[in-house]
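Engineer: Chains as they are written, first to last, in this note's numbering: chain A, 1 to 789; chain B, 1 to 215.
Do not take every clue at face value.
Once the Cα atoms are required to be at most 35 Å apart in a straight line, the calculated DSBU-like pairs of lysine-lysine come out as [to be verified]:
1. B:K97 <-> A:K658
2. A:K20 <-> A:K181
3. A:K244 <-> A:K20
4. A:K20 <-> B:K97
5. A:K20 <-> A:K566
6. A:K566 <-> A:K244
Not close to chain B: a few residues of chain A, all C-beta gaps over 10 Å, as computed [said to hold, decoys possible]:
7. D22
8. A622
9. H682
Ranges of calculated distance between the beta carbons of each label pair, as one might list FRET restraints [said to hold, decoys possible]:
10. A:L494 <-> B:G90: 27 to 37 Å
11. A:Q29 <-> B:D62: 23 to 33 Å
12. A:R653 <-> B:N125: 58 to 68 Å
13. B:N125 <-> A:Q450: 38 to 48 Å
14. A:S62 <-> B:L92: 49 to 59 Å
15. B:L92 <-> A:D635: 27 to 37 Å
16. A:R653 <-> B:G90: 53 to 63 Å
17. A:V711 <-> B:N125: 21 to 31 Å
18. B:G78 <-> A:R653: 45 to 55 Å
Don't read these hints as lab results, they were simulated from the structure.
Please read all numbers here as calculations on a predicted model, not as lab measurements.
The C-beta atom is built at its ideal place from N, Cα and C for all residues, glycine as well.
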Amino acid sequence: MSTQTGPAPTRIVGQPLRRKEDLRIITGQARWTDNLAVPGLLHMAIARSPMAHARITRADVSATLEQPGVVAAFTGADLAGEYGSLPTAWHVSDDLIVPDHLPVATREVRYLGDAVAVVVAENAYQAADALDAVGTDYEHLPPVIDMETALDDAAALVHADKGTNRAFTWGFTAGDYEAAKGRADTVVSRRFLQQRVMPAAMEPRAVMAEPVPATQEFTLWSSTQVPHFVRILMSTMCGIPEHKLRVIAPDVGGAFGGKLNVYAEEAIALAVARRLGRPVKWTASRGEDFQATTHGRDMIQDIEIAATRDGRVLGLKVALTSDMGAYLQLLTPAVPLLGRYVYPGIYKFEGHDFFCQGVFTTKTPTDSYRGAGRPEATFAIERIMDELAAELGMDPLELRQRNWIRHSEFPYTTISGLTYDSGHYEAATERATELFDYDGLRREQAERRQRQDRAQLGIGVSTYTEMASLAPSRWFGEHGYSAGGWETATVRLLPTGRVEAIVGTSPHGQGHVTTFSQIVADAMGVPFDDVDILHGDTEVAAWGLDTYGSRSLVLGGTAVAEAAQKVVTAARRVAGHLLEASPDDLEFADGRFSVRGDPDAAADIRDVAVAAFTAHDLPRGADPVLTAEATFDPDAFSYPHGTHLCAAERDTRTGFVKIRSYVAVDDVGRAVNPMIVEGQIHGGVAQGLAQALYEQAVYDGGGNLVTGSLVDYLVPPAADVPPYVTDRTETPATTNPLGAKGAGEAGTIASTPAVVNAVVDALRPYGVTDVPMPCTPERVWRAIHGGDQ
Amino acid sequence: MVLRYQEGSVVLIRTTVDGVPHEEDVAPRLLLVHYLRGSLGRTGTVIGCDTSNCGACTVLLDGLSVKSCTVLAIQADGSDITTVQGLADGGLHPVQKAFRENHALQCGYCTAGMIMSAVDLLLENPDPSQQQVRDGLEGNLCRCTGYHNIVKAVRAAAADLRATAAVPPQAAPPGHPEEPGRDRPEDSIMRDIESSGPDATLSSDQPRPGERYRS
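Start from the sequences and build out the full structure, keeping to the hints where you can.
Structural biologist: Laid out in structure tokens, this is it:
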């Protein structure tokens, strides 16, 4: 029996270990979908509608077929028998209208970028060239751009057969808002505009489909965050039996919700591969990606808050109008629903009215974008808290302190019906104000105002919370979602003592391989480097519900930990047999089973692995295969929270805003890898800040996406974002055994209101009460000088 | 507009890519990035946009960083090209090492271009301040990291490169003592205003210190 070499493993959960993922990436050896090729590969290009709304009067690909290198070309009608409608998985209300949505339009196009024909050629240049030869005639139909006028009786219709542009309505009431308002001394109302933004993952979407014509089996590689969703839904949509379809998400270059979908191009690639019996690949250009990948946000928020004069909030009323775009994609109507629950934020209200309606317009469909509904909600509540503070002449932090749920009050059920299990707003805020020098900056602000400096200082506060680790299957079912929310993992102890864990989550930058390895290494007492994590291939990870909604660590990590525990339990039985002791008398620590009271009688888990594998001497009935599966489905969400503080300097002459300092103190519960958590916060803050200051997807009156490239759509470079000061408080979640809460969306949710609050705070002396996002220099200048926004 | 492809119209080019000589007939319109990825299978260099904004395709062309989506393969005739795959012979270049050490990548799609731009930046300025790193990497977009750790990594690599260079420490250019992530005078808009004269604006059109233009 060999003995363990090297130092005994120590506990590594909680350590900032460097990522296993990095080595391949920094040396250029990642496997992005567009890097992949199989023998006989053809290249696919998609002809897209150049207008927002039109009837297709002619679609003709006969000339296309004559172009050099072209192998095949298809109109929408040619492919219509290959698949059904693209699905919507979340039926948020009984009155929800779900329009037909064919991957390639046959009669009508409804947004700029809607697919109208498909060209397949020997190489990508030839496919792109041949698009010019696609013959399409259109008869203009009126574009539907503004989501409010779209609801007028006389408005042109996006889907004429539906008789309305209203996609759904639903409302919600808790307590008595009108009574609360009646008791209030102050009522503040605002209209906030959540501009349309684009996820803009750096890797444009790409898809490759390979058929086995003889057996009608297919492999689909897709730059997706949800390979399991894609498998099930493509199987149904394209009539490919599920067991004949393998979906692989290789290395995926960012997603942010933009790849949380089941897309037309996936269905088209499968249809074309089936039709031709040959593999095909499609890779979006950036311009195409901006048109054909879902957009985010795009809501009008009317919000009203009622409070006493001493700053106690009583009631909250919210009316949302949410732009669906032209069709409902996978989760389009659910985005405002996910926000609904967190409008009250961390505050205690007595009455709450909520109403939401979805509207069809002739624009790219919206769907999840980092935070999905919760950033919008958090923006609204955190902005109006600052407005209320200004109205009452109170410090915005002081107002929050008077109203937030105190640490001693957890668990606390909010007015919208969520039970927050844990939190410590006092601790996070205290740490943030200390790092920020809140009082010092307030003094400086007063001095600058006094002196009427050209540079004015604004301080923005955001004490956010969110509902994360989107899971409880029961909750999903109660709310009209078609899928469950559990997560699963399989852990196997290999004959050489190495460990593989197969997970149902599907990372695209979050570092699951590293984080999950840490969990397994601790649970099994094996070295971190001896663990590998397999994911993103439905043939390897048959089960899973993928990565979105800050769910992977809380759900997938718990499943990994529990599966590893089960393997240890199975190994314990073998170890007991080897050591001639009852398994119950064994202690397990640092990868060694030892007989209680006799530490010299011990077996390394790696020796147990060999003994099990050879199976020469196993207890009767023991399994030689040391593998175990575990599934986790929590009873409740987790609730990350934190306090973000932003100081913005504003040049009164030009309107230019510069972030002077940004402090983020987040409580994401227990951190498995604090380095990765910090990175998630950094990136999230930058993305939320970009919405506040730079980004907007703009459509003109004709429905043209004017910000159709990275020239016009301002994803900020390094010079346009500040350094961040980050810290964490750690109040463990009680709803999962890891105590984790999820960190993927927190930064984005927190930062947008912090930044806009800072911009508006800098303009308060001018009587400014809002600057619409993005707060460009022009808009800030106009706010100061009283011009139209 | 897509240039019309002329069948049979090709040009012979000779390049050295990551130390390996190549000789190949290419279409005149073939982009360097497609030559690297398609013709040579060097897929470590990736494409993130079609307007030269994102920098994901950055490589060194005769030692200078270029966006390989904006260079024709025929323009690279006779050139020596270094991609992220050939940056270090077997091991890791200090910039690669620093990216890993400082968690300067998440999804990693921008990383190849970001590393190549950083290598060029450090050739030009071996001891950049935080702001100079930010300005110097303005042609590269990252959607995941918020840049904080990229800036940290580049400055760590700079220190590493200076330490291993044959320059005695006292002869090295003065360092920048600021601690990453803390606000410093250079973050203040007041500093910009004060240094720009009474009527100057803070227009972002003005070249920033360290900003470089290259065709």
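Engineer: Next step is simple, just say for each hint if it's right about the structure.
Structural biologist: Evaluation of the provided hints:
1. Annotation: proposed proximity of K97 of chain B to K658 of chain A holds, straight-line Cα distance about 32 Å (limit 35 Å).
2. For the suggested pair K20 of chain A and K181 of chain A, the alpha carbons sit about 55 Å apart, so the restraint of at most 35 Å is broken.
3. At roughly 32 Å between alpha-carbon atoms, K244 of chain A and K20 of chain A fall within 35 Å of each other, so this suggested pair holds.
4. Pair hint K20 of chain A plus K97 of chain B holds up; C-alpha atoms about 13 Å apart against a cutoff of 35 Å.
5. Note on K20 of chain A and K566 of chain A: the hinted pairing holds, with a Cα-Cα distance of about 25 Å set against a maximum of 35 Å.
6. For the proposed pair K566 of chain A and K244 of chain A, the alpha carbon gap of about 31 Å is at most 35 Å, so the pair holds.
7. Chain B draws D22 of chain A into its interface by the beta-carbon criterion, the shortest separation being 4 Å against a cut-off of 10 Å.
8. With 10 Å as the threshold on Cβ separation, the claim that A622 of chain A sits away from chain B holds: the shortest Cβ distance comes to roughly 42 Å.
9. Not every CB of chain B lies more than 10 Å from the CB of H682 of chain A, the least distance being 4 Å, so the non-interface label is violated.
10. Between L494 of chain A and G90 of chain B the beta carbon distance is about 29 Å. The supplied range of 27 to 37 Å therefore holds.
11. Look at Q29 of chain A against D62 of chain B: about 25 Å separates their beta carbons, and that is inside 23 to 33 Å.
12. For R653 of chain A and N125 of chain B, the Cβ-Cβ distance of about 32 Å falls outside the hinted range of 58 to 68 Å, so the restraint is violated.
13. In this structure the supplied range 38 to 48 Å holds for N125 of chain B paired with Q450 of chain A, their Cβ-Cβ distance being about 40 Å.
14. At roughly 54 Å, the beta carbons of S62 of chain A and L92 of chain B sit within the given window of 49 to 59 Å.
15. Between L92 of chain B and D635 of chain A the Cβ separation comes to about 46 Å, which falls outside the hinted range of 27 to 37 Å.
16. For the pair R653 of chain A and G90 of chain B, the supplied restraint of 53 to 63 Å holds, since their beta-carbon distance comes to about 55 Å.
17. At about 27 Å, the CB distance of V711 of chain A to N125 of chain B agrees with the hint of 21 to 31 Å.
18. Between G78 of chain B and R653 of chain A the beta carbon distance is about 51 Å. The supplied range of 45 to 55 Å therefore holds.
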